[in-house]
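S.K.: Could you build the full structure based on these sequences and the hints that come with them?
There are 6 protein chains.
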Amino acid sequence: MTDLVTFGETMIRLSPPGNERLETTTELEVRAAGAESNVAVAAARLGADTVWTSKLPDSPLGRRVTSELESYGLETAPVLSDEGRQGTYYIEFAGEPRGTDVIYDRADAAVTSAHAEELPTERIREAEWFYTSGITPALSETLEETTETLLWTARDAGTKTAFDLNYRSKLWSPEEAREVLEGLFEDVDVLVTAVRDAENVLGAEGDREAIARGLAEEHGFETVVLTLGAEGALACHEGEITRQSTFETETHDPIGTGDAFVGAFLAKRIAGGDIGGALEYGAATAALKRTIPGDIAVVTPEEVGGVIEAAESGISR
Amino acid sequence: MTDLVTFGETMIRLSPPGNERLETTTELEVRAAGAESNVAVAAARLGADTVWTSKLPDSPLGRRVTSELESYGLETAPVLSDEGRQGTYYIEFAGEPRGTDVIYDRADAAVTSAHAEELPTERIREAEWFYTSGITPALSETLEETTETLLWTARDAGTKTAFDLNYRSKLWSPEEAREVLEGLFEDVDVLVTAVRDAENVLGAEGDREAIARGLAEEHGFETVVLTLGAEGALACHEGEITRQSTFETETHDPIGTGDAFVGAFLAKRIAGGDIGGALEYGAATAALKRTIPGDIAVVTPEEVGGVIEAAESGISR
Amino acid sequence: MTDLVTFGETMIRLSPPGNERLETTTELEVRAAGAESNVAVAAARLGADTVWTSKLPDSPLGRRVTSELESYGLETAPVLSDEGRQGTYYIEFAGEPRGTDVIYDRADAAVTSAHAEELPTERIREAEWFYTSGITPALSETLEETTETLLWTARDAGTKTAFDLNYRSKLWSPEEAREVLEGLFEDVDVLVTAVRDAENVLGAEGDREAIARGLAEEHGFETVVLTLGAEGALACHEGEITRQSTFETETHDPIGTGDAFVGAFLAKRIAGGDIGGALEYGAATAALKRTIPGDIAVVTPEEVGGVIEAAESGISR
Amino acid sequence: MTDLVTFGETMIRLSPPGNERLETTTELEVRAAGAESNVAVAAARLGADTVWTSKLPDSPLGRRVTSELESYGLETAPVLSDEGRQGTYYIEFAGEPRGTDVIYDRADAAVTSAHAEELPTERIREAEWFYTSGITPALSETLEETTETLLWTARDAGTKTAFDLNYRSKLWSPEEAREVLEGLFEDVDVLVTAVRDAENVLGAEGDREAIARGLAEEHGFETVVLTLGAEGALACHEGEITRQSTFETETHDPIGTGDAFVGAFLAKRIAGGDIGGALEYGAATAALKRTIPGDIAVVTPEEVGGVIEAAESGISR
Amino acid sequence: MTDLVTFGETMIRLSPPGNERLETTTELEVRAAGAESNVAVAAARLGADTVWTSKLPDSPLGRRVTSELESYGLETAPVLSDEGRQGTYYIEFAGEPRGTDVIYDRADAAVTSAHAEELPTERIREAEWFYTSGITPALSETLEETTETLLWTARDAGTKTAFDLNYRSKLWSPEEAREVLEGLFEDVDVLVTAVRDAENVLGAEGDREAIARGLAEEHGFETVVLTLGAEGALACHEGEITRQSTFETETHDPIGTGDAFVGAFLAKRIAGGDIGGALEYGAATAALKRTIPGDIAVVTPEEVGGVIEAAESGISR
Amino acid sequence: MTDLVTFGETMIRLSPPGNERLETTTELEVRAAGAESNVAVAAARLGADTVWTSKLPDSPLGRRVTSELESYGLETAPVLSDEGRQGTYYIEFAGEPRGTDVIYDRADAAVTSAHAEELPTERIREAEWFYTSGITPALSETLEETTETLLWTARDAGTKTAFDLNYRSKLWSPEEAREVLEGLFEDVDVLVTAVRDAENVLGAEGDREAIARGLAEEHGFETVVLTLGAEGALACHEGEITRQSTFETETHDPIGTGDAFVGAFLAKRIAGGDIGGALEYGAATAALKRTIPGDIAVVTPEEVGGVIEAAESGISR
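Residue numbers (the numbering used here), protein chains in the order written: chain C, 50 to 366; chain D, 50 to 366; chain X, 50 to 366; chain W, 50 to 366; chain L, 50 to 366; chain V, 50 to 366.
In short, the hints are calculated from the structure, not lab data. Be careful, since some hints might not be right.
[Unchecked claim] Some chain L residues judged to face chain V by a derived CB distance under 8 Å, without partners named:
1) 116
2) 117
3) 119
4) 122
5) 202
[Stated by the list, open to error] Computed spacing ranges between beta-carbons, pair by pair:
6) L:231 / C:289: 50 to 60 Å
7) V:132 / W:271: 40 to 50 Å
8) W:219 / V:156: 12 to 22 Å
9) W:220 / L:201: 51 to 61 Å
10) V:67 / W:358: 39 to 49 Å
11) V:132 / X:219: 47 to 57 Å
12) V:217 / W:166: 33 to 43 Å
13) V:217 / W:220: 27 to 37 Å
14) W:219 / C:280: 49 to 59 Å
We treat Cβ as the ideally placed atom computed from N, Cα and C, and that holds for glycine.
M.R.: Okay, here's the thing in structure tokens:
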């Protein structure tokens with residue numbers, strides 16, 4: 050039996066080496082990147098039997114995506130299509146005050162036309178968990194409908210559902226996002242969201258504990274996980290609050306930190322861990338991710354365990 | 050006064066290093082590439098006062114294109130837009146039997162919405178020559194209309210027009226191409242076309258001389274230049290036939306050979322050369338281009354002259 | 050049901066870029082390489098449901114191997130071990146007269162201690178075909194025994210067995226090889242061998258047809274495939290001779306040509322192809338392989354089909 | 050009308066990648082670099098109609114310089130010469146205590162023989178501003194004379210003149226510098242100098258305000274800008290003092306920080322900004338420059354504006 | 050006369066670029082690395098007439114080692130052998146919490162069979178100093194014996210001996226190490242050891258001064274140098290204690306810091322420096338080393354002197 | 050005793066990767082290159098006890114040269130100087146008709162001021178052979194005198210002298226060269242020259258045999274070796290003619306072919322080989338050189354022997 054199915058867009062990420070500018074670079078580094086496959090790889094590497102599904106162009110570019118994801122040990126089950134592009138994004142890294150700059154080039158990606166009927170929904174029905182994020186319904190009207198159908202399908206089959214709000218201002222406004230996302234929440238068991246998105250998009254108010262409790266009550270979530278950036282995370286699970294601070298890390302590439310957190314959180318929950326253990330596992334994996342180039346947490350359970358142990362023993366490695 | 054204005058799409062070309070496959074590459078080389086800017090750079094470097102115009106996204110990717118073109122000494126005059134993507138193409142190089150593989154990702158490029166009114170048409174009216182190719186009207190209905198307007202504008206102002214048929218089977222069928230292109234020919238003075246496109250697209254028949262003469266007569270072209278691949282080129286100019294063989298070359302990157310030929314041909318015509326001299330200049334520049342990575346003929350007049358001299362003296366350099 | 054199981058060592062291949070020398074290089078390119086995984090990837094990409102098994106160190110180096118193999122779409126089922134090294138080989142590429150130079154550093158690799166009992170023999174029993182090569186028994190006494198057991202296990206279960214002689218003079222002498230290999234042949238259905246190895250190692254004599262027939266008769270092989278280098282291949286299948294010439298190719302990296310041939314041959318046989326079709330499919334895949342960096346034929350069925358069609362139509366692509 | 054003309058040497062900068070040492074590197078990164086072209090690019094990118102002039106060898110190396118400068122959108126107007134080398138400098142980057150090491154190899158560069166008569170002085174006469182720096186007269190006796198002539202030409206035509214003291218101890222002693230530079234000051238409107246050069250070379254004394262006022266009074270400068278390293282800058286303009294602190298930055302490549310400051314300062318002054326606004330604009334551009342590899346501030350007005358806004362709003366981007 | 054002979058294994062170090070993981074890298078950087086050659090290069094570059102000896106495979110890989118060592122100006126005198134591998138190690142660099150990961154692949158290296166008789170012992174006898182480290186006897190029983198013989202040989206000839214404890218937990222246990230090492234100490238004049246190894250391996254107790262004094266007294270060392278990580282070093286020489294703090298440094302590659310310290314310490318002692326001067330010279334060289342990629346301190350006496358002067362003058366360069 | 054001393058300039062060679070143009074490259078590959086050190090390395094690697102001397106700047110660039118030469122196993126004995134530059138040359142590789150383009154930037158190199166008195170002439174006096182080439186006296190008047198002195202010194206001490214004419218049209222005219230070189234010939238035992246230089250510079254006439262005989266007689270050379278490009282070489286030794294054809298080779302980098310020939314020729318002569326054997330050894334080494342990037346023949350005696358054997362046995366490796 051599959052532990053976890055995730056669904057969403059995976060792009061090709063193109064970045065100049067070092068601190069070079071996109072305007073002048075003669076070379077781009079190529080990697081696969083997407084919230085739902087980032088989560089899937091982290092979960093798979095940490096012990097969950099995971100499969101990622103999506104819709105990709107039947108081309109070397111589509112194969113570039115699955116090739117990399119499979120290299121991390123993930124099972125992929127994409128639909129291949131002769132229509133639609135391979136979505137890409139360009140990212141230029143720099144320190145402050147220049148900061149990191151992202152240009153999305155994902156319009157008309159093959160995945161934007163993905164209907165639930167063409168996707169391997171039986172894998173979702175048979176799985177323990179299903180995961181997608183708020184990026185998916187934002188990509189097209191078709192995907193809005195597909196996301197709804199997949200979440201309903203999972204619920205209907207007794208598959209638990211986890212959802213990361215993942216608000217992207219380049220895709221829609223807070224108002225548009227709120228309307229669509231709140232319509233999806235009835236089929237969601239576990240909501241993960243940055244606290245600022247809870248405020249800006251969902252209109253949550255009050256201190257963090259109040260926000261978590263409020264969301265859980267309003268939408269009937271079994272679990273709400275608020276991510277707090279440098280301050281860690283806070284969960285409200287069946288009415289109980291748990292807090293988790295971050296682990297110290299020297300950041301090499303911050304992209305994908307949240308996805309690493311969620312993937313590890315789910316892997317630990319699937320393995321029977323309690324909320325506190327899952328938050329800690331997520332935070333340790335997130336700290337490791339930040340040392341690794343690319344969007345994806347190429348880690349091992351031993352490494353994550355080592356981070357937790359080292360912190361507990363108060364000894365820096 | 051400007052000698053030559055060219056108009057058309059310039060893409061970002063992305064290619065894996067060496068013989069690597071797109072499916073597995075971790076790196077892409079980045080270059081600017083487009084028939085009309087390829088022609089413009091070749092002409093500019095060989096002495097013609099040339100300007101290239103187009104429509105580009107107002108982004109680091111759009112600037113990547115002008116940055117590279119300006120680096121070759123070309124004047125660029127693009128319209129910048131907040132709408133539309135930067136077109137790209139992926140190219141994987143290999144010897145036979147694998148061959149070179151191209152994936153276009155140019156749909157919805159900013160240029161596809163370029164209207165004549167927003168372009169610097171006064172530059173065309175003041176110029177001696179205007180050049181575009183059959184790729185341009187194939188990209189969108191708007192561009193079909195724009196191409197027609199620009200050719201008419203040139204003619205109206207006494208600017209000579211050169212047009213490379215440049216048939217691309219990934220953009221339209223021979224029938225679609227023929228209908229549109231023949232509509233444009235009344236405003237074209239110089240037609241350049243591969244002989245096989247003359248046959249497949251325009252339905253030309255007979256031997257090469259007959260094809261060149263036939264096209265010239267049917268559409269009233271002052272000059273028809275047929276490119277013949279390894280066999281060189283043949284021109285029918287005011288009823289007179291001139292032939293040009295190719296110069297020997299060791300091919301490193303064949304893309305852009307035809308554009309190098311046209312750019313050099315036009316530069317020589319602008320400088321007062323006769324048809325035979327212009328064909329020879331084009332063929333020598335094309336031979337140099339094949340030794341240079343990228344779509345663009347980064348050459349000097351001295352180098353082109355040297356190729357011609359060396360061949361004449363029968364001495365290999 | 051699995052179509053094909055292969056077993057053997059996969060090394061990490063380390064090669065200086067371009068024509069650089071090992072003695073002076075500051076950089077090495079890293080790839081996974083091994084006859085049995087080369088065959089497995091080729092077969093898997095060409096449609097056969099294939100799994101590769103071996104024994105690897107439980108380390109980042111062992112994972113480097115599976116990571117790359119999985120990236121090509123192959124299922125891997127290695128045993129992981131805390132004992133034994135990751136085998137490597139260094140390869141320096143150059144044209145003649147320097148030639149290509151190989152340094153094996155594979156002694157005490159984890160795989161050399163692999164016993165049949167720890168390997169997934171049930172996968173072999175359930176599969177249609179099993180494949181290994183003459184490199185495997187040459188690596189250690191344990192592997193000599195394991196090879197024998199696996200071939201017997203396959204036969205016992207009705208799984209067909211294919212075996213590539215793959216003589217390596219750095220591993221054993223022709224005499225040692227002959228003694229061991231001939232002991233294995235009773236459980237082999239399909240023997241593939243370079244004709245010069247048939248002569249030097251097995252003592253075969255006569256013209257090629259006679260050699261193929263002789264080997265088939267002597268050891269009761271259903272099929273003998275002789276590879277003839279630039280002259281192609283020749284098979285004796287159930288007493289009938291079939292010949293196949295090579296396809297023209299521009300060689301970028303010749304390593305793994307034979308493995309690409311065998312993988313494609315087996316994929317076509319598994320798909321129901323006759324011997325002639327399988328030889329042709331193998332030869333076309335081998336031609337493509339030579340254009341691809343690394344040991345492995347990263348190809349698609351469409352590409353292999355295209356090579357055959359192009360050759361049939363007499364048209365170079 | 051041209052806003053700004055700059056004149057000075059541009060070198061080819063050669064640097065080992067990463068922290069590698071010149072003594073052992075197998076590779077050098079290549080960039081164009083020179084105080085006056087650094088200033089020119091910064092000014093041009095920030096809206097000033099700028100042209101850079103110099104004397105370069107008529108060779109691929111000379112073209113390497115203009116090629117890169119034009120790629121940033123700068124107009125170049127160099128004199129080309131068959132005499133004289135292309136100046137280069139080698140730079141090895143490292144953290145403390147090794148520090149950054151520079152080796153100049155600029156003797157006998159083509160520019161050292163540049164006479165005012167061969168330079169496009171009409172461009173200077175027609176421009177609003179002219180800029181050069183104290184490096185230029187230090188390079189040769191000819192250039193000492195040329196610098197004097199150009200500054201006089203500018204003044205004579207009503208073109209404002211800006212001059213950065215830019216003392217280089219590898220080129221001359223403080224005493225030699227003082228004698229030459231003070232002779233030039235009568236034709237300078239705006240002097241920029243590091244405070245330590247004002248002290249060491251010009252013998253200025255007192256606190257910073259006193260130094261700025263003193264220089265302005267002594268030489269009749271309209272504006273004196275003292276750069277203070279990490280403490281920012283201080284200007285005395287028509288007797289009034291303005292201070293500017295630095296913006297926070299994560300330094301990737303510090304070379305060219307001062308030139309970025311000056312280029313942006315001039316662009317803002319040309320656009321009508323007051324001294325305070327110009328200092329702020331300069332400081333923000335300098336902060337961005339430090340995140341960019343190479344000597345040159347490849348920035349946009351939007352980026353510079355964004356740095357200022359972010360600092361004002363107290364929000365880190 | 051030779052100032053210093055060192056003996057020990059030099060490996061080929063293979064590291065992914067940047068922060069990449071071994072599991073997924075496509076490229077490895079190649080360098081020579083080994084405690085005793087690290088020490089030898091540092092000493093040689095700082096003025097000591099130094100020769101390094103070892104046993105290497107007679108292959109391009111063995112030559113890769115000597116090639117790099119000779120490039121730093123070191124004299125090498127290895128025995129070449131047709132038996133035994135070239136030892137390698139893989140190192141993956143990352144910040145915390147991932148940390149730096151090392152995989153040794155040095156078993157059965159040619160050096161493990163090196164007997165004293167085949168080594169150039171006359172060079173040791175004629176030298177002023179001999180140096181090896183605790184890694185050497187840990188590599189094989191043969192090397193345990195060889196180390197003992199070489200130290201005895203040196204002593205017997207009046208050559209001073211220096212020994213770095215260099216405990217490696219991947220090679221042996223503290224107990225095994227202690228037994229072997231204490232047997233060697235009677236022929237050692239100068240012991241260098243990290244204080245934590247003194248405690249864990251040798252069972253030293255008390256504060257640092259007590260540990261140094263205790264070791265000196267127990268084993269009759271003329272000098273004991275304790276390295277204290279970020280806290281610097283402490284020496285007990287003929288009963289007198291000297292302390293040395295570290296110099297500030299921006300770490301690029303920390304590997305080999307201790308060896309740089311020892312090499313410079315010995316060079317200064319050989320040049321007649323006192324213990325305090327030698328410790329300071331060692332600490333300054335160690336600080337420089339940390340800015341340099343690779344295991345080896347590619348420095349000059351001018352640079353080391355510059356670090357000391359800059360610190361004394363309180364002026365950061 | 051030293052077998053061979055060579056004296057001459059070694060430059061830093063800077064070349065764009067692949068077929069890139071100098072005008073647009075962002076990267077240069079760095080190598081040491083110079084006729085006399087090329088010869089010295091080839092001779093040293095093939096068994097001759099060789100030392101190269103020259104004058105270099107006392108800088109990281111000067112050390113870059115010795116570092117690389119020592120890495121090939123050559124002993125270097127340069128004089129270090131605070132005056133004079135490090136000579137460089139830029140080389141752009143391409144196939145025909147573009148061809149390979151060289152830009153020398155060697156004026157005022159430190160070596161141009163080298164006087165015989167500061168060079169290690171005692172090494173020449175003690176050596177069996179001394180070698181320099183016609184490039185050396187062309188570099189400066191000082192070097193013209195120094196070359197004369199060194200050749201005389203060698204003769205005076207009974208050291209045999211070998212001299213390669215190595216005419217460089219960028220350094221002097223044929224007439225200038227002839228006058229200087231013929232003045233040196235009285236102290237030369239072995240002259241090597243391309244046949245076309247013998248004709249163009251020395252005015253030799255007749256067929257090749259006549260040219261070789263004529264030069265030998267006119268100047269009293271013991272040996273004259275004419276190199277004939279693709280046709281091999283021809284020697285006149287003590288009146289007897291020997292011919293040598295070239296070995297087949299796939300050219301990767303042709304620079305330094307002649308120096309590899311000379312270095313191997315001298316090594317074989319030093320080892321007691323006859324003229325025929327030395328020519329064959331030279332030709333085989335030259336063939337290997339062409340497969341190796343850079344100016345220098347990084348070869349082994351086994352490889353050279355292998356080339357000769359393979360050719361003799363008629364078997365391609």
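S.K.: So which hints don't hold here, by number, going up?
M.R.: 5
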